[in-house]
Amino acid sequence: MRFLINSKRFNVFADIIFKPVLVLSIVLLIVGLIFAFFLSPDDYQQGSTVRIMYVHVPSAWLSLMTYLIMTVYSIIALAFRMPFGFIVNTAVAPIGAIFTLVCIISGSLWGKPMWGTWWVWDARLTSVAVLFIIYLIIIFINISFENVRVREKIAAIFILVGSINLPIIKFSVDWWNTLHQPATISKLSKPSIDPSMMTPLIIMTIAFIFIGITIAILRIKTEIITRENI
Amino acid sequence: MIFLHKLLNFYYREYKLNLSGFQDILTNITFFFISIFIFIFSIGPEKETYSFLGVGILWTLLLLSSTLSLRKFYQDDFENGNLTLLHLNGFSFELIAILKTFSHFIFVQIPFLLSIPLASILLNVGNEKLYRLTISFLLGALILSSLGSISSSMNLLNKRNYLLGSVIVMIFSIPIIIFSVGIININENFNSLVGILSGILLITFAVNPWASGACLKIAIQNN
Chain A
1 MRFLINSKRF NVFADIIFKP VLVLSIVLLI VGLIFAFFLS PDDYQQGSTV RIMYVHVPSA
61 WLSLMTYLIM TVYSIIALAF RMPFGFIVNT AVAPIGAIFT LVCIISGSLW GKPMWGTWWV
121 WDARLTSVAV LFIIYLIIIF INISFENVRV REKIAAIFIL VGSINLPIIK FSVDWWNTLH
181 QPATISKLSK PSIDPSMMTP LIIMTIAFIF IGITIAILRI KTEIITRENI
Chain B
231 MIFLHKLLNF YYREYKLNLS GFQDILTNIT FFFISIFIFI FSIGPEKETY SFLGVGILWT
291 LLLLSSTLSL RKFYQDDFEN GNLTLLHLNG FSFELIAILK TFSHFIFVQI PFLLSIPLAS
351 ILLNVGNEKL YRLTISFLLG ALILSSLGSI SSSMNLLNKR NYLLGSVIVM IFSIPIIIFS
411 VGIININENF NSLVGILSGI LLITFAVNPW ASGACLKIAI QNN
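Those protein sequence lines, which keep their order, are chains A and B.
If you count the first sequence from 1, position 61 lands on 61 in my numbering, and the numbers rise without skipping.
If you count the second sequence from 1, position 33 lands on 263 in my numbering, and the numbers rise without skipping.
Fair warning: there could be bad hints in the mix.
Residues of chain A placed beyond 12 Å of chain B at every Cβ, according to the derived structure [unchecked claim]:
hint, residue
1, F18
2, P113
3, I154
Across the chosen pairs, the derived CB separations fall in these ranges [what the hints assert, rightly or not]:
hint, chain 1, residue 1, chain 2, residue 2, range
4, A, I26, B, G286, 43 to 51 Å
5, B, L352, A, I202, 52 to 60 Å
6, A, S108, B, F267, 29 to 37 Å
I should point out that these hints are in silico values taken from the structure, not numbers from a laboratory.
For every residue, glycine included, the Cβ atom is placed at its ideal position computed from N, Cα and C.
Start from the sequences and build out the full structure, keeping to the hints where you can.
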């Protein structure tokens with residue numbers, strides 16, 4: 001597992017797995033979209049708009065997962081002085097921002113026919129919007145400092161302070177009475193979603209994870225090369 | 231004893247510096263009042279509107295005008311080398327962060343506190359609400375000072391993007407705004423909301439020295 005913390009080993013490992021991951025992400029995305037559009041049933045209340053969920057839920061999960069990965073790498077990089085963590089933070093932040101943006105846009109496209117508005121000031125929606133702004137600030141920190149050694153540490157400290165928002169997003173639907181529905185898929189209990197909708201959701205989630213990994217490999221390799229040339 | 235003497239000297243120095251730069255604080259307070267006028271011009275002079283909007287407007291403007299003074303938090307001391315001298319005199323970076331936070335609270339936020347009664351007359355906030363507003367501002371101003379310490383120490387070496395510090399403070403001050411305005415507008419549950427606000431205060435107090443100390447260290451090492 002040394003490739004997770006060492007940039008040389010990461011380069012070797014990434015060269016091996018890049019093509020399989022790319023092929024797998026394309027295939028899974030096509031299969032998942034076919035399942036989502038043609039092989040899954042309509043909801044009895046929401047009709048065909050339920051298919052937006054197959055994009056919305058995976059991107060929401062991945063936006064949280066990306067921030068979690070950045071938090072872990074910030075701790076590793078600051079505590080054990082491993083510069084690879086800073087490289088991952090810089091490379092991965094825009095990916096998380098895009099996933100959050102996809103989550104917000106698809107959610108508001110679903111909200112217009114279902115709730116009647118594009119946007120409500122609900123606890124979950126607000127906290128996800130805050131997450132998007134936090135991603136934007138991380139990107140701003142990364143582009144507005146001149147010294148690389150300074151900005152990477154400051155971005156890592158900001159990520160650690162901003163990680164307070166993560167549990168607020170995760171549990172906002174349980175703590176407050178919100179318009180957004182609580183989680184239907186949890187680890188501890190049997191999911192309250194039908195298997196015919198569960199299958200495309202799982203396929204789309206795995207496809208999104210592989211897409212994220214593909215872009216992350218490209219961006220991390222670019223970041224390593226840029227830093228070698230400074 | 232020597233340590234106490236150092237602390238007293240530190241605060242005497244801060245007092246002198248803030249006294250000579252008092253026009254900055256006055257300009258800040260003027261900004262605060264002018265923005266109240268602008269709100270009244272843009273929304274309209276009806277008194278009923280302000281009976282339920284007034285507190286929210288007041289808190290928003292307090293937040294905005296206290297972020298204006300953040301540039302001076304560490305920047306002057308950092309550029310003329312006083313931070314390095316303080317550190318060489320046996321003050322750890324974490325202690326400097328704590329002391330500067332309290333000095334910012336005393337010399338910048340307290341003048342705002344004195345201007346709140348006048349502003350509450352302008353915005354038609356009643357006596358009962360004024361008492362709650364003062365308590366919530368006393369707690370919230372300490373939190374704002376801690377957040378300001380974190381964000382301005384992050385931006386010491388930032389030569390291009392000055393506004394980033396204000397954005398960082400404002401993104402973290404969302405819970406403070408929620409609970410401080412909640413304190414004033416809710417009739418029952420007053421004590422529990424004060425408890426939540428003091429809890430946030432303790433959390434920011436715990437995070438502030440480590441985060442700002444680390445940022446100060448990075449800035450001084452890489453200057």
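Status of each hint after checking the structure:
no. : hint                        : verdict
1   : F18                         : 34 Å, holds
2   : P113                        : 30 Å, holds
3   : I154                        : 5 Å, violated
4   : A:I26 x B:G286: 43 to 51 Å  : 50 Å, holds
5   : B:L352 x A:I202: 52 to 60 Å : 58 Å, holds
6   : A:S108 x B:F267: 29 to 37 Å : 36 Å, holds
Checked against the numbered hints above, the structure violates only hint 3.
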